[in-house]
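Top to bottom, those sequences are chains A and B. Quick note: the first sequence uses our numbering, first residue 203, plus one each step. Quick note: the second sequence uses our numbering, first residue 498, plus one each step.
Please note that a few of the clues may not be correct.
Here are the computed lysine-lysine pairs in the DSSO-like style, where the Cα-Cα straight-line distance is at most 27 Å [stated by the list, open to error]:
1) Lys652/B / Lys226/A
2) Lys503/B / Lys241/A
3) Lys503/B / Lys526/A
4) Lys224/A / Lys830/B
5) Lys526/B / Lys526/A
6) Lys524/A / Lys460/A
7) Lys600/B / Lys226/A
8) Lys226/A / Lys774/B
9) Lys224/A / Lys529/B
10) Lys241/A / Lys529/B
11) Lys829/B / Lys241/A
12) Lys411/A / Lys460/A
13) Lys526/A / Lys529/B
14) Lys224/A / Lys829/B
Computed from the model, here is a short list of chain A residues facing chain B with C-beta under 7 Å [stated by the list, open to error]:
15) Thr228
16) Phe234
17) Ile442
18) Leu445
19) Phe467
20) Phe507
21) Leu509
22) Ile515
Which stretches of chain B does chain A cover? Using the computed rule of at least three CB atoms under 8 Å from a CB of chain A, they are [as the list claims (entries may be wrong)]:
23) 526-539
24) 556-569
25) 607-619
Worth flagging that the hints you see were computed from the coordinates, not collected in a lab. The beta carbon of each residue, even a glycine, is placed where N, CA and C say it ideally should be.
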Amino acid sequence: MNLSLFEQLCADGHLSDESLQKIKATRSGKLFSVHWELKTMLYLGVLLLSGGLSILVYKNIDTIGHQVILFVIAAVSAGCFFYCFKKKLPYSNAKVVSPDSFFDYILLLGCLTFITFVGYLQFQYNVFGNRYGLATFIPMLVLFFMAYYFDHLGVHSMAITTLAAWAGIAVTPARILQQNDFNSETIIITGFLLGLFLIAAGYFSGAKKIKKHFEFTYSNFGTHILFISTLAGMFHFDAIYLLWFLVLCGISYFFYRKAIRGRSFYYLLILSLYLYTGLSYCVIRLIFDAADRGIGSIYLLCLYFILSATGLIFFLIRMNKKIKNL
Amino acid sequence: MIAYNKIWLDNLAAGEAIKDAFYANTISKDEKEVAETIFPVGFYSPNIFIRIGLFILTFVIACFSLGLLSLIFMDSIEQSIGRLIIFFGLLSYGALEFFIGAKNHYRSGVDDALLWITGICLVAGLNLLNDISSSGNALIIFVLATYFFLRFTDKLMSAIAGLALLAVVFFYYSPLGSMAKTTTPFLLMGITAFIYFIVKKRSQQNSSRHYRHCGIVLEITMLICFYAAANYYVVREMSNNMFHLGLNENESIPFGWLFWIFTILIPLVYIFGGVQKKDAVLLRVGLLAVAAIVFTVRYYHTVLPVEIVMLLGGMILIAVSYALTNWLAQPKKGFTSAELSRRYAMDKMNIESLVIAETFGSTVPANETKFGGGSFGGGGASGEY
Numbered sequence: 203m204n205l206s207l208f209e210q211l212c213a214d215g216h217l218s219d220e221s222l223q224k225i226k227a228t229r230s231g232k233l234f235s236v237h238w239e240l241k242t243m244l245y246l247g248v249l250l251l252s253g254g255l256s257i258l259v260y261k262n263i264d265t266i267g268h269q270v271i272l273f274v275i276a277a278v279s280a281g282c283f284f285y286c287f288k289k290k291l292p293y294s295n296a297k298v299v300s301p302d303s304f305f306d307y308i309l310l311l312g313c314l315t316f317i318t319f320v321g322y323l324q325f326q327y328n329v330f331g332n333r334y335g336l337a338t339f340i341p342m343l344v345l346f347f348m349a350y351y352f353d354h355l356g357v358h359s360m361a362i363t364t365l366a367a368w369a370g371i372a373v374t375p376a377r378i379l380q381q382n383d384f385n386s387e388t389i390i391i392t393g394f395l396l397g398l399f400l401i402a403a404g405y406f407s408g409a410k411k412i413k414k415h416f417e418f419t420y421s422n423f424g425t426h427i428l429f430i431s432t433l434a435g436m437f438h439f440d441a442i443y444l445l446w447f448l449v450l451c452g453i454s455y456f457f458y459r460k461a462i463r464g465r466s467f468y469y470l471l472i473l474s475l476y477l478y479t480g481l482s483y484c485v486i487r488l489i490f491d492a493a494d495r496g497i498g499s500i501y502l503l504c505l506y507f508i509l510s511a512t513g514l515i516f517f518l519i520r521m522n523k524k525i526k527n528l
Numbered sequence: 498m499i500a501y502n503k504i505w506l507d508n509l510a511a512g513e514a515i516k517d518a519f520y521a522n523t524i525s526k527d528e529k530e531v532a533e534t535i536f537p538v539g540f541y542s543p544n545i546f547i548r549i550g551l552f553i554l555t556f557v558i559a560c561f562s563l564g565l566l567s568l569i570f571m572d573s574i575e576q577s578i579g580r581l582i583i584f585f586g587l588l589s590y591g592a593l594e595f596f597i598g599a600k601n602h603y604r605s606g607v608d609d610a611l612l613w614i615t616g617i618c619l620v621a622g623l624n625l626l627n628d629i630s631s632s633g634n635a636l637i638i639f640v641l642a643t644y645f646f647l648r649f650t651d652k653l654m655s656a657i658a659g660l661a662l663l664a665v666v667f668f669y670y671s672p673l674g675s676m677a678k679t680t681t682p683f684l685l686m687g688i689t690a691f692i693y694f695i696v697k698k699r700s701q702q703n704s705s706r707h708y709r710h711c712g713i714v715l716e717i718t719m720l721i722c723f724y725a726a727a728n729y730y731v732v733r734e735m736s737n738n739m740f741h742l743g744l745n746e747n748e749s750i751p752f753g754w755l756f757w758i759f760t761i762l763i764p765l766v767y768i769f770g771g772v773q774k775k776d777a778v779l780l781r782v783g784l785l786a787v788a789a790i791v792f793t794v795r796y797y798h799t800v801l802p803v804e805i806v807m808l809l810g811g812m813i814l815i816a817v818s819y820a821l822t823n824w825l826a827q828p829k830k831g832f833t834s835a836e837l838s839r840r841y842a843m844d845k846m847n848i849e850s851l852v853i854a855e856t857f858g859s860t861v862p863a864n865e866t867k868f869g870g871g872s873f874g875g876g877g878a879s880g881e882y
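Full structure from sequences and hints, please.
Take a look at the structure:
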């Protein structure tokens with residue numbers, strides 16, 4: 203920090219002597235915080251421990267030792283949950299601060315080992331038989347319960363991911379493109395409904411003030427799933443793509459209102475980009491569906507992208523100003 | 498030399514210092530507001546998400562403009578593509594200067610994108626025109642990145658300039674003979690150390706205050722490169738591949754024992770220095786390098802199966818951070834485990850939860866093909882998401 207800056211401010215009478223003394227005091231007694239270093243180490247530790255346990259089980263399947271390992275995993279998981287139940291502060295619909303800095307990580311370790319445990323039970327003993335839905339449904343319930351009961355955003359995100367896995371899709375913009383065969387109509391419809399459901403859940407969290415800070419996680423996942431499903435719908439249902447485009451416009455308008463209401467630059471950006479993708483798809487289709495498929499249409503396409511992207515830039519710049527001044 | 502308005506840059510830094518003081522509870526809200534009016538900043542710097550959007554869209558515009566240009570010159574494209582791309586790079590450089598000079602853009606996404614487009618086009622165009630060797634390319638990139646870094650105080654460009662300089666040294670020095678090949682790592686270590694100390698010294702000086710954020714990035718780059726130049730794995734595999742040594746599995750390189758000592762010693766020196774000087778950069782790079790020790794040792798000597806290493810490592814990490822957090826709950830020797838500034842606290846919490854979903858998402862039991870576990874890669878959350 204620049205001390206001369208504050209001395210100058212003080213000399214000009216913009217800063218009280220008391221404040222200057224405080225600044226000098228904090229500078230001389232400046233503490234070095236290793237908070238985030240320690241947190242990161244703890245997080246990595248949890249990651250390695252749970253990962254190591256999973257690999258250990260995987261490698262020792264069909265040997266005598268695996269039951270011992272299974273027992274150890276169950277014990278670790280139970281121990282973590284026991285610790286959390288003992289330490290936790292009373293439940294409340296508002297945000298509950300964790301009792302100490304390890305609580306969150308112990309809970310995380312407990313949840314991760316629990317998932318390994320359930321996955322192992324299914325793999326080895328086929329506990330849930332062929333009802334694969336159940337094998338993800340039960341961890342999902344447990345995760346949601348833990349997230350709400352102990353107020354943990356990370357576990358909450360994991361619960362939503364499990365919910366999506368249960369519904370049959372991988373919730374990940376990156377992986378949806380690589381793995382998911384979005385040409386399957388059921389998956390598109392499922393994704394669409396799941397997105398709506400998550401957005402509704404986020405809305406109720408906010409409106410009913412039940413863990414209000416979970417709202418962002420719900421709507422964030424919901425928004426991406428909904429937009430991607432709608433785009434996939436556009437690409438897949440060829441005949442009625444303009445209908446899907448209308449749906450996309452409707453959703454975008456909904457999020458536009460939401461972004462303005464919540465002064466959110468983030469939602470503004472993602473809705474702009476998704477809508478732009480949809481619009482560009484329509485324009486490309488229209489250009490190439492037209493009779494002339496020669497070089498002219500490519501010129502047209504380049505011009506469209508240059509002009510539309512410039513337009514969108516001006517739109518974003520204006521919205522930036524608008525939201526800032528709200 | 499700097500393209501941006503320097504008075505505004507100073508005012509921006511002053512505003513940051515005032516905000517920090519406010520969040521550290523040393524000055525009152527009134528004082529903060531008064532002080533902020535004294536340091537006006539006229540830059541156009543939108544919110545980070547808008548910046549990302551502008552960055553992407555500027556790239557879209559550039560790509561299709563280039564496409565349009567190539568369409569127009571379609572007939573002679575074979576011969577002129579290199580010149581066309583260089584011309585386009587210069588055009589984009591002009592636009593960059595225009596947006597900064599006339600429109601006061603500063604880290605707005607537009608200037609970031611134009612800077613990258615200029616760099617990519619110039620390098621690509623030169624390569625299309627002539628057949629340029631790796632050493633020549635390293636030299637071109639070094640000159641361009643250094644210019645961009647000095648003129649636009651860009652963090653990433655400073656790192657690229659540093660890396661390109663090391664590449665230049667590597668490509669020009671190592672072919673000089675077998676003696677040169679053996680001494681290349683030592684030369685690189687010397688140069689990185691030299692740059693590190695110069696940067697460290699310069700960033701204290703008032704004259705280089707506008708480059709302070711670049712200084713930190715350069716420090717990190719040089720510390721990592723210094724360790725990489727001394728790491729046994731990097732040196733052995735690099736010399737094996739680049740110099741075609743054709744080493745067998747158990748064969749070592751000249752001075753192999755020395756590099757083993759470096760591999761293990763340097764991270765400890767970093768951490769020790771970081772603790773002693775209270776230097777967060779040194780400390781963090783040192784902690785990262787400890788992980789590199791484990792990987793290097795395990796690559797050549799299968800000491801323990803991987804899951805046991807993970808288990809032990811996990812337990813040690815948890816135990817160490819547990820012990821240190823408790824020990825430093827009361828500040829000792831100027832260290833504390835408490836969080837000092839709440840300014841970015843909200844920010845980090847949300848990001849943390851997304852990181853958890855990202856890394857652990859795939860541990861969901863994925864039975865059969867019907868269920869893909871998922872990891873989440875969506876946008877992050879910031880203070881004003």
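Each hint, compared with the structure:
1. Lys652/B / Lys226/A: 30 Å, violated
2. Lys503/B / Lys241/A: 38 Å, violated
3. Lys503/B / Lys526/A: Holds - the C-alpha atoms of lysine 526/A and lysine 503/B are around 25 Å apart, at most 27 Å.
4. Lys224/A / Lys830/B: 21 Å, holds
5. Lys526/B / Lys526/A: 20 Å, holds
6. Lys524/A / Lys460/A: 14 Å, holds
7. Lys600/B / Lys226/A: Violated, at about 39 Å.
8. Lys226/A / Lys774/B: It holds: about 20 Å lies between the C-alpha atoms, which stays within 27 Å.
9. Lys224/A / Lys529/B: 14 Å, holds
10. Lys241/A / Lys529/B: 31 Å, violated
11. Lys829/B / Lys241/A: Distance ~18 Å between lysine 829/B and lysine 241/A Cα, so the pair holds.
12. Lys411/A / Lys460/A: Holds. Lysine 411/A to lysine 460/A sits at ~17 Å (cutoff 27 Å).
13. Lys526/A / Lys529/B: Holds, at about 19 Å.
14. Lys224/A / Lys829/B: Status holds; Cα separation ~21 Å.
15. Thr228: With a minimum Cβ separation of about 6 Å from chain B (threshold 7 Å), the hint on threonine 228/A holds.
16. Phe234: It holds, given that the least Cβ distance between phenylalanine 234/A and chain B is near 4 Å, below 7 Å.
17. Ile442: Because about 28 Å separates isoleucine 442/A from the closest Cβ in chain B, which is outside the 7 Å limit, the hint is violated.
18. Leu445: 27 Å, violated
19. Phe467: 4 Å, holds
20. Phe507: 4 Å, holds
21. Leu509: 9 Å, violated
22. Ile515: It holds, given that the least Cβ distance between isoleucine 515/A and chain B is near 5 Å, below 7 Å.
23. 526-539: Our answer is that it holds, as 4 residues pass the Cβ test (under 8 Å) against chain A, meeting three.
24. 556-569: This one holds; 8 residues, not fewer than the three required, reach chain A with a Cβ under 8 Å.
25. 607-619: violated (count 1)
When the structure is compared with the earlier hints, violations turn up for hints 1, 2, 7, 10, 17, 18, 21 and 25 and for no others.
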